[in-house]
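Peer 1: Place chain C on chain G using the hints.
As they're listed, the protein sequences go chains G and C.
Counting from 1, position 64 in the first sequence corresponds to residue 64 in our numbering; the numbering is continuous, with no gaps.
Counting from 1, position 18 in the second sequence corresponds to residue 294 in our numbering; the numbering is continuous, with no gaps.
Hints are computed from structural coordinates only; laboratory data are not their basis.
Owing to the predicted nature of the structure, the values given are computational and were not obtained by experimental measurement.
Estimated spans, in silico, between C-beta atoms of each pair:
{"#": "1", "chain 1": "G", "residue 1": "S108", "chain 2": "C", "residue 2": "V478", "range": "46 to 56 angstroms"}
{"#": "2", "chain 1": "G", "residue 1": "S108", "chain 2": "C", "residue 2": "L492", "range": "21 to 31 angstroms"}
{"#": "3", "chain 1": "C", "residue 1": "L439", "chain 2": "G", "residue 2": "F117", "range": "38 to 48 angstroms"}
{"#": "4", "chain 1": "G", "residue 1": "D91", "chain 2": "C", "residue 2": "L492", "range": "32 to 42 angstroms"}
{"#": "5", "chain 1": "G", "residue 1": "S108", "chain 2": "C", "residue 2": "I333", "range": "50 to 60 angstroms"}
{"#": "6", "chain 1": "G", "residue 1": "D61", "chain 2": "C", "residue 2": "F443", "range": "57 to 67 angstroms"}
Cβ coordinates follow ideal geometry from the N, Cα and C atoms, glycine included.
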Amino acid sequence: MTDDHTPLVELDGVSKYYGNIRALEDVSLLVNAGEITCVLGDNGAGKSTLIKIIAGLHQHDAGTFRIEGEQTRLASPREALERGIATVFQDLAVVPLMPVWRNFFLGSEPTKGAGPFKRLDVELMRRTTREELLRMGIDLRDVDQPIGTLSGGERQSVAIARAVYFGAKVLVLDEPTAALGVKQSGVVLKYVAAARDAGLGVVLITHNPHHAYLVGNRFVLLKRGGMVGSHTREEISLDELTRQMAGGSELDDLRHELERAPAPTHLGGHPRGATE
Amino acid sequence: MTATVPERQPDKQPGGRPRQAAADERLLSASVWKKLLGRPELGSVVGAIAVFAFFAIFADSFVNASSLATVLYASSTIGIMAVPIALLMIGGEFDLSAGVLVTSSALISSMFSYQMTANTWVGAGVSLLVTVAISAFNGFMLTRTRLPSFIITLGTFLMLTGLNLGFTKLISGTVSTKSISDMQGFDSARVVFASTLTIGGVDFKITILWWLVLVLIATWILLRTRLGNWIFAVGGDVDAARAVGVPVDKTKIGLYTGVGFGAWVSGQHLLFSYDVVQSGEGVGNELIYIIAAVIGGCLITGGYGSAVGAAIGALIFGMANKGIVFAEWNPDWYKFFLGAMLLLAALLNAWVRKRAEATT
Chain G
1 MTDDHTPLVE LDGVSKYYGN IRALEDVSLL VNAGEITCVL GDNGAGKSTL IKIIAGLHQH
61 DAGTFRIEGE QTRLASPREA LERGIATVFQ DLAVVPLMPV WRNFFLGSEP TKGAGPFKRL
121 DVELMRRTTR EELLRMGIDL RDVDQPIGTL SGGERQSVAI ARAVYFGAKV LVLDEPTAAL
181 GVKQSGVVLK YVAAARDAGL GVVLITHNPH HAYLVGNRFV LLKRGGMVGS HTREEISLDE
241 LTRQMAGGSE LDDLRHELER APAPTHLGGH PRGATE
Chain C
277 MTATVPERQP DKQPGGRPRQ AAADERLLSA SVWKKLLGRP ELGSVVGAIA VFAFFAIFAD
337 SFVNASSLAT VLYASSTIGI MAVPIALLMI GGEFDLSAGV LVTSSALISS MFSYQMTANT
397 WVGAGVSLLV TVAISAFNGF MLTRTRLPSF IITLGTFLML TGLNLGFTKL ISGTVSTKSI
457 SDMQGFDSAR VVFASTLTIG GVDFKITILW WLVLVLIATW ILLRTRLGNW IFAVGGDVDA
517 ARAVGVPVDK TKIGLYTGVG FGAWVSGQHL LFSYDVVQSG EGVGNELIYI IAAVIGGCLI
577 TGGYGSAVGA AIGALIFGMA NKGIVFAEWN PDWYKFFLGA MLLLAALLNA WVRKRAEATT
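For reference, chain G alone in the conformation it holds in the complex (with noise of 0.2 angstroms):
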């Protein structure tokens, strides 16, 4: 058993390289039960290729990744379930016209009976939907519903009890609330904090500082591979956070360039990108 202070995911000062592309570089990041951990960044900072080694889809090249304080290296996602980490992934992985709970248990169906008679038990599928969900804070009307016909926000909100009811210590949320409206994104966040304070760790990824600065108790910065900033909720405003993650200082600089920007070439500019 381990307990409290050993954090369920830590990686020091992990590298990833895609050849010689460096994907990851020198990023370490600590995920405690009961604990929220954001990864922000922009677009090719490097979230896809971290959510991938916390995943088990690719392995890392240098630094360390222990589960539990145990130093390991993760083959596969299979690998990866059964050290109890949970990925949710953009798609959620699952079926619009399934019912919710068909949906739950796809892939992992409990039956009863043996031989010709071996069967779904459809009972106990049914209740622990409704008891999970519910326990997530989901009242659905009915189970039997096709989970295309909930919102997105209730949807991945299924994915993440699903991921928690097959018992995950760590659950990794690929961007959950990239899509969805305000509002949606409130419930979905709900649902993160509650499985936060079910005891699990989670990682959130996203890009937006707003959101994470909601429910974070740590935050990583991540900017083209590289860690750029790791702070606790105490060591950091919103304020900070949101001019971190707008690229600070870089901001500046983009001023400049605006001003500084040759005019179009269709309003008589030099047509610079034409040599390129």
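Peer 2: Chain C only, in chain G's frame:
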């Protein structure tokens, strides 16, 4: 501005339930209605009732036991194939080779028995192996190449059509097989595949029994087994299914072998009821199976449908086919009738699905 009076009405309804319970009750009834509308079979049931009523009015001899037994026989010969095709379509794939595969299965069985002078059961056994192997080949090609099943099975359809004719001419010298009715095992095989059961003075063909058993098995698989869950999943969203660990390729190959089994049963019925097989038969039937499945509520894009629906789709075909004969009309109208049925069923299904989704 007079709306205040009717607003109070719900409180005073007979039974006088308190407001909260009344709200729950309304929800329940809405959900039962929605469930009914959401059934994939609904369109086909409505269609079957309409077609039945139509011929009951216009064909005098349509509504009596022996006519209905004839209708059921015609339906069963389509239904035995429409059921595995429906499962395949729910799994998101097509099989255009299914129609000629029935003929291939009959030819293999007949020619093997005749040429080897073997017991007809041996021929039937060899036929089962080869037919299932051809179907599995479809599935294997599909999962290996990731080409659309439409193209792959169109290829096997054409190849089988050629092989059926080519081999039969090569071996028998004519386009039909030699009679095997005097061979060993023929009579017992005939009992299994082409006998007649007399119940209450009415003759029912045994294919009706095969049909019903297949519908029951298919429905059991679809709704109550892990395999059923996987069939819906691979048809609904193959990437999601793979991501949660569903064995996608095995499921699809399995669905094709199901079609192979259906083709074997149909083929043996053909052989043992007529004892000779015409090698050019079966072309065009693949579309009838698909249409029966679509009328029965199978989505052409996969992930939705039912075996019972496909069986009712086959029943509509049987009624139309025989009803036109009973009404003493020109059978040329049959095809027109089918086309109209298909369009109506597809429209009805689309409408029903929209309504079902709107009420959630």
